[in-house]
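*Asks:* Sequence:
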Amino acid sequence: MPTALSKHASTIAFAQMPGHSVLQGIEPGDLCFWRGDHLVSRNECVRPDRGGGAAIIVSGSQQGLAHAPLMEFRRGAGVLLLSQLRLVEKFSQDPIAGQLLSNLLAYAATLKPEPRATVLVSDDKSFRGHLESLQVRYTDATGKLAATDLPRAGLLIHHGSVDELTKSWPKVEAFVASGGSVLLHGLSEEGYGKLRPLLKVNLQPQTHKGPVVKNADEPPMAHIAHEDLYWLGKHVGHGWATTPMADDVASLVLTKALDERAAKAYEAEQMEVTGQITKKEADHVVLATVGEVACDIDFPATGNYLFGIRAGGTPCEGVFPIAALRVDGKLLGSVSLSQKEWETYALSAKVTQGKHRVSVAFTNDASRPPEDRNLYLDKLLVAPEGDVSKDVTLLTTPGAVVRIARGQGAFVIDQIKWDTERRNVTKANRYACGLLTALGADFGPRPATFIEAETMTESEGIKHFRRLSDHVAMAAAGDIRTTVECAVDDDYVFEIVGKGTPAEGVYPVVRLDIDGKEVGQVEIASDAWRSFRIEARLTKGAHELVLSFINDKQTATEDRNVWLDRIA
Numbered sequence: 273m274p275t276a277l278s279k280h281a282s283t284i285a286f287a288q289m290p291g292h293s294v295l296q297g298i299e300p301g302d303l304c305f306w307r308g309d310h311l312v313s314r315n316e317c318v319r320p321d322r323g324g325g326a327a328i329i330v331s332g333s334q335q336g337l338a339h340a341p342l343m344e345f346r347r348g349a350g351v352l353l354l355s356q357l358r359l360v361e362k363f364s365q366d367p368i369a370g371q372l373l374s375n376l377l378a379y380a381a382t383l384k385p386e387p388r389a390t391v392l393v394s395d396d397k398s399f400r401g402h403l404e405s406l407q408v409r410y411t412d413a414t415g416k417l418a419a420t421d422l423p424r425a426g427l428l429i430h431h432g433s434v435d436e437l438t439k440s441w442p443k444v445e446a447f448v449a450s451g452g453s454v455l456l457h458g459l460s461e462e463g464y465g466k467l468r469p470l471l472k473v474n475l476q477p478q479t480h481k482g483p484v485v486k487n488a489d490e491p492p493m494a495h496i497a498h499e500d501l502y503w504l505g506k507h508v509g510h511g512w513a514t515t516p517m518a519d520d521v522a523s524l525v526l527t528k529a530l531d532e533r534a535a536k537a538y539e540a541e542q543m544e545v546t547g548q549i550t551k552k553e554a555d556h557v558v559l560a561t562v563g564e565v566a567c568d569i570d571f572p573a574t575g576n577y578l579f580g581i582r583a584g585g586t587p588c589e590g591v592f593p594i595a596a597l598r599v600d601g602k603l604l605g606s607v608s609l610s611q612k613e614w615e616t617y618a619l620s621a622k623v624t625q626g627k628h629r630v631s632v633a634f635t636n637d638a639s640r641p642p643e644d645r646n647l648y649l650d651k652l653l654v655a656p657e658g659d660v661s662k663d664v665t666l667l668t669t670p671g672a673v674v675r676i677a678r679g680q681g682a683f684v685i686d687q688i689k690w691d692t693e694r695r696n697v698t699k700a701n702r703y704a705c706g707l708l709t710a711l712g713a714d715f716g717p718r719p720a721t722f723i724e725a726e727t728m729t730e731s732e733g734i735k736h737f738r739r740l741s742d743h744v745a746m747a748a749a750g751d752i753r754t755t756v757e758c759a760v761d762d763d764y765v766f767e768i769v770g771k772g773t774p775a776e777g778v779y780p781v782v783r784l785d786i787d788g789k790e791v792g793q794v795e796i797a798s799d800a801w802r803s804f805r806i807e808a809r810l811t812k813g814a815h816e817l818v819l820s821f822i823n824d825k826q827t828a829t830e831d832r833n834v835w836l837d838r839i840a
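Residue numbering for the sequence shown follows the working numbering, starting at 273 and increasing by one per position.
All clues stand as given, with none of them false.
In the DSS-like style, the derived pairs of lysine-lysine whose C-alpha atoms are separated by at most 27 Å in a straight line are:
(1) Lys397 / Lys443
(2) Lys397 / Lys439
(3) Lys812 / Lys789
(4) Lys536 / Lys627
(5) Lys602 / Lys536
Restraint-style ranges between C-beta atoms, simulated for each label pair:
(6) Arg739 / Thr616: 54 to 60 Å
(7) Val562 / Met273: 43 to 49 Å
(8) Arg718 / Gly590: 36 to 42 Å
(9) Gly575 / Glu553: 30 to 36 Å
(10) Gln793 / Arg739: 21 to 27 Å
(11) Lys602 / Ala573: 15 to 21 Å
(12) His510 / Ser398: 35 to 41 Å
(13) Thr692 / Arg809: 24 to 30 Å
(14) Phe305 / Leu377: 23 to 29 Å
(15) Val562 / His510: 14 to 20 Å
(16) Ser741 / Asp785: 22 to 28 Å
Treat the hints as calculated values from the structure; they're not laboratory data.
As the structure is a prediction and not an experimental result, all values here were calculated from the model.
Ideal placement from N, C-alpha and C gives every residue a C-beta, glycine not left out.
Input sequences plus hints: build the corresponding full structure.
*Replies:* This is the structure:
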């Protein structure tokens, strides 16, 4: 099974992919309170954070959108549909159950998926390892792209230096035009600068420090839930205090160019100002604490508009102000300032015709004398987006994910930091799996032997050690050990699944010893379960394997601990 089943049952479910064929004729309100006991599903699938898969229908709980009563997994030339909906039991009771069952049977009978291969170009060993932990199967073309045959209608994943990509650009362009997809992940500003003339797009790079919001359910975003990008930052204060949204979801975003001469300007000093410490100057507004400027704007037609926030500000602890744009109280996006001097930061958003309350808010005030983070607002610029390019779609606000259609295929620029995220690991992995699935990545299980940490033997005299039903907790230095049997002489990959808490900015370090010799160390730099790789060459036969927690640390306010789930 590509995912686990849970004990979760639902009376209300939601269409994550409303345009999917199996939901033809199904309205949003049809997936709740089915006749009889009102249950729609039982023992639902857990939304996977590896192995791909499309969650067609999802349901919520205290864990968020963590379950999916209906999922689709494509494997090679076949498809696996997992339905925990009560279709058979309620076939004669509720017409929606009958309609869904009929749709599923018709879909399964007529679908003929074509196998799609995945090619990778990346000089980042950690990134390759993370793809493998997500169970992506790929051909490594790093350093040999020019000599590699790109599969028709397949996927090319790129991460790192763009030099090899630019040298083979005619080949890459032809691949996309024939129906292939190219995922450009984590571009640097320099890398985007080299690709920009080749992509022929008029998008400006802009540094970003703030949340990222999904715009719509068009491909490939239909595979991704809004929650998958709702990353939380570090919780500060009492347990009941609001946890802030993460501000490091993407460090570089793309914005459409705003012609300030064609935009209508709304001067900040003429707008309504709220906040504890604010000041209206002759030509701008100072927000020295959290606050906002707002005014009513009459939009002549429904459509996409460009908003330009002309602002400057002072940093604190190396972080500049964040300005959030809201329309009628709804967050449309945020911009992160990058300098003290005046600069115009652009956002694109859809607004309906009529009068709306538009505000720009300062959201990340901080003061650490002698530094004080303040926001200075000059004006808000608004202009219709115009015909920038029908081939270019900003899939998030701000533009951290951008689709550029070319021929029968597309380039997708993805700046979401899913491969390095520590605090929101499950959401990041679900986002990555959704995006990769939508782009046609080849997923499949890797042959592996799993050793559960709770089955391993702890060192004698170890302190503050707990063995739980599905993992171990180590609050002090020590080790756990076991014996493994290798079938052949070969290079092996060891994936240690764990999580930890940091002290003084450093996470727990786990060392792997085999037969008394150290073969590697990993920093378990994650607040949630995540896999960490060590590679070693082993000979055929039995070997003693030892995992040691080696850098325990406790301060007055922090305690460095590690939790280990298993080693694969």
